[in-house]
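Chemist: Here is how the chains run, residue by residue.
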Amino acid sequence: MSASPPEIRFDDVVKTFGGAARAAVNGVTLSIPGGTFAVILGPSGCGKTTLLKTVNRLIEPSSGFIFVGGVDTASVDPVRLRRGMGYVIQNVGLFPHMTVSENIATVPRLVGQDDAQIRRRVDELIDVVHLPPAEYRERRPRALSGGQQQRVGLARALAADPPILLMDEPFGAVDAIERTHLQDEVAALHAQRARTVLFVTHDVDEAFRLADLLIVMRDGRVEQSAPPLAMLARPATAFVSDLIGADDVVRRLRAIHVSAALEPAGETDAADEPSVDSHASLGDALSLLLDGAARLAVRDGADLRGVITVAGILRAARRGATAS
Amino acid sequence: MHLVAQSLDFALSHRPEIVVALRQHIALSAAAIAAASAICLPLGVAASRRPWGRSVITAVNAVRVIPSLALLAFVLPWLGLGFTSALIALIVLACPPILVNTDIAFRGVDQYAIEAARAMGMSDAQILLRVQTPLALPVVFSGLRLASIEVVASATLATLIGAGGLGDIIMAGLELEQPAELLVGSLLAALLAVAAAAAFSAGERLAVARS
Chain R
1 MSASPPEIRF DDVVKTFGGA ARAAVNGVTL SIPGGTFAVI LGPSGCGKTT
51 LLKTVNRLIE PSSGFIFVGG VDTASVDPVR LRRGMGYVIQ NVGLFPHMTV
101 SENIATVPRL VGQDDAQIRR RVDELIDVVH LPPAEYRERR PRALSGGQQQ
151 RVGLARALAA DPPILLMDEP FGAVDAIERT HLQDEVAALH AQRARTVLFV
201 THDVDEAFRL ADLLIVMRDG RVEQSAPPLA MLARPATAFV SDLIGADDVV
251 RRLRAIHVSA ALEPAGETDA ADEPSVDSHA SLGDALSLLL DGAARLAVRD
301 GADLRGVITV AGILRAARRG ATAS
Chain W
1 MHLVAQSLDF ALSHRPEIVV ALRQHIALSA AAIAAASAIC LPLGVAASRR
51 PWGRSVITAV NAVRVIPSLA LLAFVLPWLG LGFTSALIAL IVLACPPILV
101 NTDIAFRGVD QYAIEAARAM GMSDAQILLR VQTPLALPVV FSGLRLASIE
151 VVASATLATL IGAGGLGDII MAGLELEQPA ELLVGSLLAA LLAVAAAAAF
201 SAGERLAVAR S
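Heads up: the protein sequence lines correspond to chains R and W, in order. The opening residue of the first sequence carries number 1 in our numbering; numbering runs sequentially from there. The opening residue of the second sequence carries number 1 in our numbering; numbering runs sequentially from there.
Please note that a few of the clues may not be correct.
Partner residues are not named here, just some residues of chain W that face chain R (Cβ under 8 Å, in silico) [claimed, not checked]:
{"id": "1", "residue": "Asp9"}
{"id": "2", "residue": "Ala11"}
{"id": "3", "residue": "Ala116"}
{"id": "4", "residue": "Gly121"}
{"id": "5", "residue": "Ser123"}
{"id": "6", "residue": "Pro134"}
{"id": "7", "residue": "Leu135"}
{"id": "8", "residue": "Val139"}
Coverage of chain R stretches by chain W, computed from C-beta distances (three or more under 8 Å per stretch; other residues unrestricted) [unchecked claim]:
{"id": "9", "stretch": "81 to 88"}
{"id": "10", "stretch": "216 to 225"}
Worth flagging that the hints you see were computed from the coordinates, not collected in a lab. Since the model is a prediction, treat every value here as computed from it, not as a measurement. Beta carbons: idealized from backbone N, C-alpha and C, even for Gly.
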């Protein structure tokens with residue numbers, strides 16, 4: 001599993017459901033580079049969930065192609081295709097007749113791993129999603145809170161270490177505080193082990209917190225696809241501008257991670273230079289820059305990760321915009 | 001107390017006849033439940049997965065309003081007297097609760113659990129076996145339980161078309177105006193119905209625990 005995560009590419013994908021007057025997905029052509037955390041954002045009914053489900057073939061497109069790692073998914077056995085993709089949905093869909101550990105072990109069992117291996121992996125995963133294994137391993141899903149259930153759902157999706165993760169409004173039914181925790185954990189997971197993530201949401205704050213690549217959909221089409229900072233700087237249409245609240249730049253910058261505009265530090269590394277933590281947002285960084293600092297060191301503990309400057313933020317904003 | 005003593009006396013003095021009647025009753029009921037299950041469990045699963053399922057269930061539910069006595073009268077002209085006629089009538093009687101409950105049980109399985117199972121790369125057979133069936137079992141078993149009670153109770157009418165069973169004892173009691181005989185026959189039929197229901201409850205617990 002050391003191979004780099006695969007690209008997902010949509011080529012003129014159309015999906016019209018039987019009896020529907022207009023297409024749910026109407027000609028989407030889009031590339032999500034391997035390892036990208038891509039967030040599809042849009043109002044309900046825009047086709048974002050339908051598009052997501054074409055990737056693991058829970059929905060077959062009416063026309064067009066989807067390539068995963070360069071392979072046309074229509075040519076792959078859907079059961080095999082799905083084993084390589086984690087899937088997390090708002091309603092979680094845990095198996096109520098199984099314990100937490102049996103739920104998480106579903107895919108490892110399907111692929112025939114041995115008991116000792118499965119047990120180790122389950123404990124590891126329960127730990128990854130921050131549930132104490134000893135306490136939760138043998139519980140049934142109905143004995144868990146909504147947030148805990150979704151943690152188990154996430155652990156189950158990660159069990160076979162899939163290079164692709166598909167998430168459909170996974171935190172939509174979770175309370176606000178727990179949602180923020182889960183978002184942080186998903187971001188941390190992505191930082192540890194890059195997967196190609198396709199994450200559907202209608203929550204703009206969530207989209208800005210998580211996305212490397214933001215895809216705005218409307219009426220079955222992609223309205224704009226760009227890094228969040230670039231989309232904020234140059235929304236392609238009035239619809240995108242309204243949806244993402246582009247006029248409230250400060251609020252959005254608070255959600256975007258400093259890494260979006262990080263530049264190399266060069267050889268200078270003055271210890272007394274003003275600095276921010278590597279988990280800070282661009283909003284935090286900008287406030288410090290507006291206070292008069294010419295540049296900010298971004299530090300992860302004692303390690304220097306890079307620097308942030310106003311010019312660098314502007315450069316990053318322009319960089320993505322031309323790519324859309 | 002008089003009646004109880006008389007009943008006990010009757011039961012002890014007519015043990016061979018009672019055992020024969022009991023055996024016939026059990027054989028008839030068990031055969032009817034087994035045949036109805038063999039037909040209706042797969043049919044119910046199929047109905048739950050297909051659009052035509054609803055109309056089949058509606059039609060079967062309509063059959064339910066036919067009283068068991070009328071059913072017996074219905075099969076008589078075609079199949080004549082005897083075990084086969086009674087068996088077929090009881091199968092027809094047992095089918096609706098099994099079919100309807102199986103359909104409802106499988107329709108009722110959390111669709112998101114099924115979606116998650118499919119997305120994890122389970123085949124249709126694996127989803128049916130590992131997810132849908134265990135979750136559907138309690139409602140399926142309650143259909144079986146209901147059917148077994150109806151069948152055991154209605155099998156007392158089999159005597160009317162010469163198929164024997166505990167009905168023989170009950171009818172004899174009626175005709176001979178022997179309340180003790182009547183009571184023994186009825187009580188045994190009632191106990192048998194309770195035993196059948198208990199057996200399916202035990203079966204359900206076992207199946208749910210193992211799945």
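Chemist: Regarding the hint that Val139 (chain W) lies at the interface with chain R, is the smallest CB-CB distance below 8 Å?
Modeler: 13 Å, violated
Chemist: So, as I understand it, the hint says Ser123 (chain W) touches chain R; can you test that by seeing if any CB pair is closer than 8 Å?
Modeler: 6 Å, holds
Chemist: Gly121 (chain W) was flagged as interface toward chain R. Is the shortest Cβ-Cβ separation under 8 Å?
Modeler: At about 4 Å, which falls below the 8 Å cut-off, the nearest Cβ of chain R leaves the hint on Gly121 (chain W) intact, so it holds.
Chemist: Per the CB criterion, is Ala116 (chain W) less than 8 Å away from chain R?
Modeler: 3 Å, holds
Chemist: Next item in the hint list is Asp9 (chain W). Is there a CB on chain R closer than 8 Å to its CB?
Modeler: 52 Å, violated
Chemist: Holds or violated: Pro134 (chain W) as interface residue toward chain R, Cβ cutoff 8 Å?
Modeler: Nearest chain R Cβ about 5 Å off; hint holds.
Chemist: With a C-beta cutoff of 8 Å, work out whether three or more residues of the stretch 216 to 225 of chain R approach chain W closely enough for the coverage to hold.
Modeler: Contact hint for the stretch 216 to 225 of chain R vs chain W: violated, 0 residues under 8 Å.
Chemist: Count the residues of the stretch 81 to 88 of chain R with a beta-carbon closer than 8 Å to any beta-carbon of chain W: does the count reach three?
Modeler: That given contact holds, which follows from 5 residues of the stretch 81 to 88 of chain R lying within Cβ reach (below 8 Å) of chain W.
Chemist: For the hint on Leu135 (chain W), just tell me whether its beta-carbon gets within less than 8 Å of chain R.
Modeler: With Cβ-Cβ at 6 Å, under 8 Å, it holds.
Chemist: Return the status of the interface hint for Ala11 (chain W): holds when the least beta-carbon distance to chain R is below 8 Å, violated otherwise.
Modeler: 45 Å, violated
Violated hints for the displayed structure, listed by number in ascending order: 1, 2, 8 and 10.
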